[in-house]
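Trainee: Sequence:
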Amino acid sequence: MKAAEIMSSPVVTVHPGTLVKDAARVLVSHAIGAAPVVDDDGTLVGIVSEADFLRLERDDDPRNAARRIEPTDNSGFTTVGDVMTRDVLALPDSLAAAEIARTMLEQALKHVPIVRGSEVVGIVSRRDILRALVRTDADIRSSVAKLLDTEPTTYGRWDVEVADGVVTLAEPVDPFRRHLARIVAHTVPGVLGVRFRDGASPNAAPALGPATDDSYANAG
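Every position in the sequence shown, counted from 1, becomes a number in the numbering used here once 9 is added.
Calculated from the structure, these hints are not laboratory results.
Where hints are given, some of them may not hold.
To be verified - Okay, derived cross-link-like pairs now, EDC-like style, lysine to aspartate or glutamate, Cα gap no bigger than 16 Å in a straight line:
1. 155 x 170
2. 155 x 168
3. 119 x 96
4. 30 x 59
5. 11 x 102
6. 11 x 108
7. 119 x 108
8. 119 x 59
To be verified - Ranges between beta-carbon positions, derived for each pair:
9. 161 x 95: 21 to 29 Å
10. 166 x 31: 25 to 33 Å
11. 42 x 125: 41 to 49 Å
Just so we're clear, the structure is a prediction, and the values are computed from it rather than from any experiment.
No residue lacks a Cβ here, since even glycine has one placed at the ideal position from N, Cα and C.
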């Protein structure tokens, strides 16, 4: 599962010269928490979020004096360029969703712009990742089975089961086809892992693959 499959696109962007109040209206009207900031050439130069606007409101509140917080003169903060975060992390649309999730967690990010070359093509939020995770097992099974059925002579014919986002594939035992089937299954949003069991003995305990193949962190 790649960034391009979970990102919000087309992406809503703003310009560094956009007025702060106008940018805040953009976030509200589109029900988004952040927007990449691009210059006249479409180059990513920053990101502006709800937190940036809330920070202005907090500093402008005269009641902050009662809490011994020094007020800040924000009279010069009129455009997005004045308040945006300039040191912004952008990730490629080909990156695995698991890697994006790990990066967001490690760096405490809520939103990450997604780029293709120098072009901003989307944005991933924590909600986008959660949306992929909450797909039903039935939906995931249908998607995986449909993909594998498109090329049965290449991928083989598989029995597909899904439980809690983990796909279990039965039959073929050919290592190359198993490798291909794992790759195909991991392209489906919501797949947390892929396991295999031999279909010859239906009453036997499943023979599962290594644990490292079953974790979301290694999906992709």
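Trainee: Does each hint hold? Answer for all of them.
Mentor: The hints, checked one at a time:
no.	hint	verdict
1	155 x 170	holds (13 Å)
2	155 x 168	holds (11 Å)
3	119 x 96	holds (15 Å)
4	30 x 59	holds (12 Å)
5	11 x 102	holds (7 Å)
6	11 x 108	holds (9 Å)
7	119 x 108	holds (14 Å)
8	119 x 59	holds (11 Å)
9	161 x 95: 21 to 29 Å	violated (51 Å)
10	166 x 31: 25 to 33 Å	violated (56 Å)
11	42 x 125: 41 to 49 Å	violated (22 Å)
Checked against the numbered hints above, the structure breaks hints 9, 10 and 11 and satisfies the rest.
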